[in-house]
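From first to last, the protein sequence lines are chains X and V. Under my numbering, the letters of the first sequence match residues 58 to 299, in that order. Under my numbering, the letters of the second sequence match residues 58 to 299, in that order.
Derived from the structure by calculation, the hints contain no laboratory data. Given the structure is predicted, the values throughout are model-derived calculations rather than measurements. Careful: at least some of the hints might be erroneous.
To be verified - A partial selection of chain V residues facing chain X, derived with a Cβ cut-off under 10 angstroms:
no. : residue
1   : 103
2   : 198
3   : 200
4   : 201
5   : 231
6   : 235
7   : 257
8   : 265
9   : 284
Unchecked claim - Keeping only pairs whose Cα atoms sit at most 30 angstroms apart, straight-line, the calculated BS3-like set for lysine-lysine is:
no. : chain 1 : residue 1 : chain 2 : residue 2
10  : X       : 120       : V       : 157
11  : V       : 157       : V       : 229
12  : X       : 229       : V       : 229
13  : X       : 157       : X       : 229
Unchecked claim - Quick partial rundown of chain V residues pointing at chain X, CB under 7 angstroms, derived from the structure:
no. : residue
14  : 174
15  : 227
16  : 228
17  : 279
18  : 283
19  : 287
20  : 289
21  : 291
Glycine is no exception: its CB is placed at the ideal position from the N, C-alpha and C atoms.
Listed here are the chains, written in short residue letters.
2 protein chains.
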Amino acid sequence: MIGTVASRRHAIADDLRTQITAGRIQPGERLPSEAQLACHYEVSTPTLRNALALLQAEGLVEKIHGKSNYARQPLSRTTYVGGGRTPAQTPLPVSIRTTKLRARGHLAALLGVTSGSPATEFLCVSHAGKSPHSLARVYVPRDLAPATAPDAPSWPQETASLLGGPRPQLAKVEENVHVRLPTASEAATLRISSTLAILAITRVATDITGRVIEAALLALPGDRAEAIFTTDHTTTERRPEG
Amino acid sequence: MIGTVASRRHAIADDLRTQITAGRIQPGERLPSEAQLACHYEVSTPTLRNALALLQAEGLVEKIHGKSNYARQPLSRTTYVGGGRTPAQTPLPVSIRTTKLRARGHLAALLGVTSGSPATEFLCVSHAGKSPHSLARVYVPRDLAPATAPDAPSWPQETASLLGGPRPQLAKVEENVHVRLPTASEAATLRISSTLAILAITRVATDITGRVIEAALLALPGDRAEAIFTTDHTTTERRPEG
DNA sequence: CAGTGGTCTAGACCACGAA
DNA sequence: TCGTGGTCTAGACCACTGT
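Please work from the sequences and hints to get the whole structure.
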């Protein structure tokens, strides 16, 4: 069935997709208005909007209410390096907001502390150009956080941590990777469609004693990020079970 | 703005989502027809279908053309264990189809062989109950494949490989994780909506000499799978760079 | 065949952004 | 205010699944 026109909206989406990926429509370029596009493709507005919704879910089109639709780079991929290793590439600029809070529920479980324990949250938003790229919420037990710089507007140390920089005493890093749709606030912060799935990574780093040094919730928009994990079996020598 | 009714379709989706997750609509249960639902919520058919589309993208509803819409378990999560380690849980039953082919283009690059080199493909579909769960395409250089069982309809060895079973001489496993929408054939094979994002893992395993033993393309539907990666820094001793 | 979902229309009306 | 996208309608017609 591939090659056949499944539906009008798919045909339109295919056409626009080709134009964007081929560069005939430049990244960042404004698309014609939906009324014009609907007229051009000889379909009704809902049908045309349906086609744009497909491209939006792929991250190829950014819709801005009241303005217009814009093409976006299908490239600009960032690679998250797992395992607490330092990434080879230079990390993107990151803006950080620090909040003191008390760990409860899910967060307390992640940090392995009792509910109500003080912790510090670092809300990190990395930027690619002028638009937000990815989001990280890093949680550190309060007594470990102030050692470097608790309220600093920008914390270079944390930037490294966001992208996997090692910390002293780091013994184990466990990373849980899953796919989900962004929450409403995540979609707003990242300026993405709520239908564009994200790569969600929950990272828990523990020291030699088993204490959790850091827990991080990363939200990487699926169209612009990937993660890579490398396991070396020559040094670990494979310990079947403990 | 959360708590406000953003739109009719979101309100309807919220209502149905609650009913499904709360168990008032049982997993596998048939929903009322779209006409009945539209009448019940006092909206037009397109609006109601729009609401169902939201739930479909979350994997909560399965639409079957000509029959009806069905609720699905939001549970039944499978955990993929990275790093070539053996998973703790019993793997799902897997059906395998073996194909001999020649590696070209992307596949040849993955396997690190010249274009046209013989290889064997194992198309593995794991099943949860009677419905397909996840998909793996495992590629092995032809001279390594027949050692065990080239044309066997079911190859237990490969089952282990699919979920991370180790192989002799395995030295390094590199896993690239990203999010994307399924291709048309993947969506058909997995019986999922083409709007339900999947966790795509490209796994390349090499032996001590650096030769690629196996390359695998895994497609794990985002609503029912997650991946976990554990890095032990006490044994690897952290080599900053090579 | 009847019942159901899939697609599309033509147009109304609301909400947002920039002037 | 105007141009834009966002939502919704009422109904037509097609496609699939079962009897």
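So, going through the hints one by one against the coordinates:
1. 103: holds, 7 angstroms
2. 198: Residue 198 of chain V check fails; min Cβ-Cβ to chain X is 19 angstroms, beyond 10 angstroms.
3. 200: violated, 22 angstroms
4. 201: violated, 17 angstroms
5. 231: It holds, given that the least Cβ distance between residue 231 of chain V and chain X is near 5 angstroms, below 10 angstroms.
6. 235: Holds - the Cβ of residue 235 of chain V comes within 10 angstroms of chain X, reaching about 4 angstroms at its closest.
7. 257: Check passed: Cβ of residue 257 of chain V comes within 9 angstroms of chain X, closer than 10 angstroms.
8. 265: holds, 7 angstroms
9. 284: Holds, about 4 angstroms.
10. X:120 to V:157: violated, 45 angstroms
11. V:157 to V:229: holds, 25 angstroms
12. X:229 to V:229: holds, 19 angstroms
13. X:157 to X:229: holds, 25 angstroms
14. 174: Not OK, violated: residue 174 of chain V not within 7 angstroms of chain X, min 25 angstroms.
15. 227: At about 5 angstroms, which falls below the 7 angstroms cut-off, the nearest Cβ of chain X leaves the hint on residue 227 of chain V intact, so it holds.
16. 228: holds, 5 angstroms
17. 279: holds, 3 angstroms
18. 283: holds, 4 angstroms
19. 287: holds, 5 angstroms
20. 289: holds, 6 angstroms
21. 291: Result: holds, 5 angstroms to nearest chain X Cβ.
This entry does not satisfy hints 2, 3, 4, 10, 14, going by the numbered hints stated previously.
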